[in-house]
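Peer 1: Sequences and hints are given; from them, build the entire structure.
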Amino acid sequence: MSENALAARGVNKSFGSLVVAADVEINLPQGVRYALIGPNGAGKTTLINLMTGMLRPDAGHIFLGDEDITALPPEQRVWRGLVRTFQINSLFPHLTALESVTLAVCERRRVARTWWRPLTAYRSEVDEAYEILSSLMLAPVSHRLTRELAYGQQRLLEIALALATRPKVLLLDEPAAGVPREESQELFTAIAGLSRDITVLFIEHDMELVFRFASRVIVMVGGRVLVEGTPQEIASDPQVRAVYLGKATGKADHG
Amino acid sequence: MPPVFGVLFDGLAYGMLLFLLSVGLSVTLGMMNFVNLAHCSFAMLGGYVTVTLMNAYGWPFFATLPVAFIAASLASVALERLIFRRFYNAGELEQCLLTIGVVFVSIAAAAYVYGTAIQPVQLPDYMRGSINYAGLNFAVYRIFLIGISLVITIALVFTIETTRFGAQVRAAVNNQRMARGLGINVDGLFALTFALGSGLAGLGGALAIEIVGLDPSFALTYLIYVLIVVSVGGLGSIAGSFAAAMVLGISDMAGKYYVPALGSILIYLVMMVLLMWRPSGLFGRR
Amino acid sequence: MTAATVAGPHQYMAEQMRWRWSEIAFWLATLLPFLVAPSYLVLANQVAITALFALSLDLILGFSGIVSLGHAAYFGVGAYAAGLASKWGWGEPLSGLLIAALAAGLLGYVTSFVIARFRHLALIMITLGLGLLLQEAANSASWLTGGFDGLQGIHTWSIFGEFHFDLYGYTAYGYSLSALFLIFLIARRLIYSPFGLALRGIRENGQRMPAIGAATREHIRTIYTIAAIIAGVAGALLAETTETVSLEVLGFQRSADVLVMLILGGTGRLYGGLIGAAVYMVARDQFSGLNPQYWYFWIGLLLIAVVMILPNGILGGLSLLARRLKVPS
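Protein chains in written order, with our numbering: chain U, 1 to 255; chain C, 1001 to 1286; chain S, 2001 to 2329.
Source of the hints: derived by calculation from the structure; they are not laboratory data.
Note that the coordinates shown come from a computational prediction; the quantities given were computed from them, not determined experimentally.
Keep in mind that the hints are not guaranteed to be accurate.
Only part of the chain U face toward chain S is listed, based on derived beta-carbon distances under 8 Å [as the list claims (entries may be wrong)]: (1) R108; (2) P118; (3) S142.
Interface residues of chain S toward chain U, partial, derived using beta-carbon atoms under 10 Å [as the list claims (entries may be wrong)]: (4) H2010; (5) I2159; (6) G2161; (7) S2193; (8) G2196; (9) L2197; (10) A2215.
Quick reminder that beta carbons are idealized off the backbone N, C-alpha and C, glycines included.
Peer 2: As structure tokens, then:
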């Protein structure tokens, strides 16, 4: 019986001579809040793509609980509870916030294929979507088109979409990217408020957020896991210091 | 010599023509992702320039070729500056529709000025006729076509592989954002490449008159073949365009010779099978 | 914030789906040709058929984002299916529609497996290739299709023994209009269902759909098959009401024309195809004296103008105007 909600074993991936993942081993126990950090190009987003099935590894396996999901397509991993958000908003510009989340709820409940009944007949799906939006303070803008939302609201909508799929493991790719400081605290408080049934791995550059919300930190450089430890251990680790060139206490630039 | 060599020869000539017509579109599509369906309108323009210069002004055939190239280049620059450049970031559908609109206008304009009949062209005497070798006839014009195309291909490959300009083109096709980041003037590079590619199409159009005939529907009929070459060969790849053009040219000739009842079915089938096997093209990315 | 954002989510969604006055007015207007312009009933019939065809394209292009340059394949298959059935002795119109729906639907289902796997240029080329392939095949199989001359010997029986098809077009237009309206109702229902929402999701961001657990390919296959069935019915209507079928029913020209009509009217609005078809065909009829070259000159200019100025077509322009004038739609 595996105690890990999500695990990666010996994952390798290259594009020609460019190695983006080399012998990556990750263990995420049930219910934890881990952070994944590293300089740009370290392969963090690539790792998320590999774990969610958007990329196929050249070697290695991904396990969700006890199940080897390495060969499964992305939507089937979502059905089993492995969900991610995107670093650059990947939303539905001309759908309203409510429509977007309702869509995710309908897909989860497998009613998205029914075409003979109107959406108004699906009251509980719409209610659930509205509830999720409310929990993220998005209820007032639920009828606005996604493209008209403020950037911070769009980031929250990213998370709302992920929550609508009832994840067991949630991979957040720089959830606070581009969000002004005041709002990012709010965002992370919302994440912190997530139930302990959900295991969370988030990529972040802002060390303050990492310190506040993560129980453990994984550092990646050049496609490899450099070191793993508590935030305090990582902050004082000389290798990590060297990699970040002394930018360990603040937002690093991302290009 | 068995007739298959004759078919191969004709297929080679046709393939070379398709290559000249297609290479410009492949590179510009690969670089800027701009779907320019009006590409063959420039080819048609080159053809009509040659026809006009020869029939109305008595120019010799060879002298018209550079003019065809230049005229098509200039026309493409004008269109690009005035209209196309605003749509580089637009969706595929918009680009398709915009450029189809240009195609329609060009076809109508050509019909208005020149009528719908196929244009007659008088090649110089030494270009006509054929050489008999080992029992087969090899048309002199096709030998010339293969020759000039090979020269152009070698010049293209040389430029792409060895010059600084070529290196910049390769970088921009490979990863536009990174190329910009490296300081390459991608917009200017694209304008130049677009002009060159359209010029080559114009030259191809002029050379095509003797092989396939020129009438206003050229812009649409050959667009389909060019699109097949570009999508099968892979966007942005000269080698891909060359390979695809050869495959297409030879398949088409072989199909028409051995199974004429099939008509063009063979090329469409070949295209679809190849695209399904390699959706990004034979030499395309990923 | 407007009142709409304060209303509950259910009310808001119901509001989106209710029938607008403009819609009712539109359908009432479709009855006008019977009353005020009976000499144009034959044209009206053509418009209704083409509008149905454009509607089917809107389902895959406007709502699902699938760019197809070969949609006439299904129109043509439907037309030939109904035409052949009649030629071989079975001219009953309603069952003819069913036969056409089955034939076109089958082809649509089979090809949808290929369509669903591709995007961007490869998809456009494959749809183009499929259309061209079918056109060539139909040309070659002239023993079946009648080749260039088209099918001979089509005779459409009367509907229910009551309504006979005549030269004046009353029955024809009534028949086509009824089919258009019924299928429109089905399409409208589909658009406002969870499936319709999923299709719009695919159009808006196909990449994101698997990440929220959507079986995108299955969705695409379903709508593509449905669109093929509708296109086939439209083709059958043409075969039955005009008693002619020739190669142009599955030609590239027809695929391109319907695309232009849809863009003209505005994609993704259900009525765009209908309006675009009406405008295009009436205009073409008015200018039918013109040399076809000149027609395509103006259509070319129109396309360029639409893309540059009115990217959402006539309906898009109207809704923009409505917003500016603050007219409730």
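Peer 1: Could you check the structure against the hints above and give me the numbers of any it violates, in ascending order?
Peer 2: 5, 6
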